[in-house]
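Using the sequences and the accompanying hints, generate a full structural model.
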Amino acid sequence: MSVLRVGNASGFYGDRFSAMREMLTGGELDVLTGDYLAELTMLILGRDRLKDPEAGYARTFLRQLEECLGLARERGVRIVANAGGLNPAGLADAVRALADRLGIPVRVAHVEGDDLGAAHPGALAAHAYLGGFGIAACLRAGADVVVTGRVTDAALVTGPAAAHFGWAPTEYDRLAGAVVAGHLLECGAQATGGNYSFFQDGDVRRPGFPLAELHADGTSVITKHDGTGGFVDVGTVTAQLLYETGGARYAGPDVTARLDTVRLGREGPDRVRVEGVRGEAPPPTLKVGLNRLGGFRNEVAFVLTGLDIEAKAALVRAQLEPALVKIADVRWELARTDRPDAATEETASALLRLVVRDADQQVVGRALSGAAIELALAGYPGFHVLAPPGKGAPYGVFEDVYVPHGAVDHVAVLHDGRRVSVAPPPAQDTVVLAQVPEPPLPQPLPPGPVRRAPLGIVAGARSGDKGGDANVGVWARTDDAWRWLAHELTADRFCELIPEARDLPVTRHQLPNLRALNFVVEGILGEGVAAQARFDPQAKALGEWLRARHLDIPESLL
1 MSVLRVGNAS
11 GFYGDRFSAM
21 REMLTGGELD
31 VLTGDYLAEL
41 TMLILGRDRL
51 KDPEAGYART
61 FLRQLEECLG
71 LARERGVRIV
81 ANAGGLNPAG
91 LADAVRALAD
101 RLGIPVRVAH
111 VEGDDLGAAH
121 PGALAAHAYL
131 GGFGIAACLR
141 AGADVVVTGR
151 VTDAALVTGP
161 AAAHFGWAPT
171 EYDRLAGAVV
181 AGHLLECGAQ
191 ATGGNYSFFQ
201 DGDVRRPGFP
211 LAELHADGTS
221 VITKHDGTGG
231 FVDVGTVTAQ
241 LLYETGGARY
251 AGPDVTARLD
261 TVRLGREGPD
271 RVRVEGVRGE
281 APPPTLKVGL
291 NRLGGFRNEV
301 AFVLTGLDIE
311 AKAALVRAQL
321 EPALVKIADV
331 RWELARTDRP
341 DAATEETASA
351 LLRLVVRDAD
361 QQVVGRALSG
371 AAIELALAGY
381 PGFHVLAPPG
391 KGAPYGVFED
401 VYVPHGAVDH
411 VAVLHDGRRV
421 SVAPPPAQDT
431 VVLAQVPEPP
441 LPQPLPPGPV
451 RRAPLGIVAG
461 ARSGDKGGDA
471 NVGVWARTDD
481 AWRWLAHELT
491 ADRFCELIPE
501 ARDLPVTRHQ
511 LPNLRALNFV
521 VEGILGEGVA
531 AQARFDPQAK
541 ALGEWLRARH
551 LDIPESLL
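Just so we're aligned, residue 1 is where the sequence shown starts under this note's numbering, counting upward by one.
These are computed hints drawn from the structure, not numbers from a lab. Just so you know, not all the hints are guaranteed correct.
Stated by the list, open to error - Cβ pair distances, simulated, as ranges:
no. : residue 1 : residue 2 : range
1   : 50        : 373       : 28 to 36 Å
2   : 448       : 341       : 35 to 43 Å
3   : 418       : 201       : 43 to 51 Å
Said to hold, decoys possible - Below, a list of computed lysine-lysine pairs in the DSSO-like style, where the Cα atoms sit at most 27 Å apart:
no. : residue 1 : residue 2
4   : 540       : 466
5   : 391       : 51
6   : 326       : 391
7   : 326       : 51
8   : 466       : 287
All C-beta atoms in this analysis are idealised placements derived from N, C-alpha and C, irrespective of residue type, glycine included.
Right under this line is the structure:
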């Protein structure tokens, strides 16, 4: 069968608004996907729905369609997006109303069944991660636009691929290939040079969005439209492949993809072939993301300038201590951004950050702001803050739980109103997830002179969040660098370089085909990104911090 060209126009709620038009006008496509959901987004949409029961979906998607629905129809491009969020039926109705107003004949379908709020009454949002076969049913029935709620990000690609190629639910290798392609597309420009360690290898001022040329056997080529910015090479694809993953088994509701089997190869300029992906039966349970309000949060950053930084910080803490005794969670962080004999006031200054959290908004609001601002003329010399503390804002807490496939009523609601149930995999077609045995280490480099230098000279990294955990994928650019990295960057050495991780469980996974290591740091993000417990709450820069740490690196690699 023909190649299926699937593009991406959104990696998150708030991504480049013009990307949908750019992808539709930039070159040939069969399907255009959009990923609008993340753990934090579900919390935001849940709060929207509290104010308006008709809300709960990504409104920017509708505005994009207002510009682009006719264009997609003219070009025969189907649109698949998880912008339905907490209300996919409401978004489907809104798309139909938009199409009627614009006079564009389109068939709109949606997928539902992910909402498990009734089983979790204390949660603001409780949604299972569905697979791609509901999307496939909608497309097979002729839908032009399919909107979903919480599906896995990769399902936006596995669904169209299964529909186009006629894959059965047990064709695991093919499905796994589509999962990998979907994972590579899901974050938009991260596959085309965005957020890339070696960004100076190309022009990434305005990277284009990626697309995958999928084949019936599950192999794919990751590329982008000709003439768009950014670049696609083995490095950019490796970086995205490692993003927000764990071990060699990448589990999903349709299939478990074996990341240790992925082979990448350059096929031409801005073209990377993805092949060799093996798949296994999915696990017997589905992941369910629970978002709830955790209380209220406030913060203030004190600017400490010049001499006696530590003493000034101690004075602030002592002066504010009486105002903080009733607050449940108080965190101080001193960032020594100051330099001796600095040429500017800003570079002579450090930041003392105070973050407070409590169930009572009043405790973290006026009580804190009053106590902090009262120090303006009675505190350390040079007292000022980056901004006065506010009244306290609500924060969210994320948790994941697991339920049997049968606990979810996965339904494709077709464009003509028919409801098609998507059967869960039979119990005999599921396998409990287990770690893959670690592969043997490569041969170490022969002994030789070393030089103290940043890890990032020889290795790239990409990091991200998964609930309260973070992952840091690190890959080498050459075979010799991999031989050194695999022996040098152990879990213990990782903890030495990242002191925050020293008291936390850290697991290292090897992916030799990618010349990569993946570290999972449990609990470093506390109760998840919405809780904002950490300076970098999504661990986006954790990998870049690691790359900046110095090690003894063989001179032959430098």
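Checklist line | Hints violated by the structure (numbers, ascending) | finding: Those not satisfied come down to hint 7.
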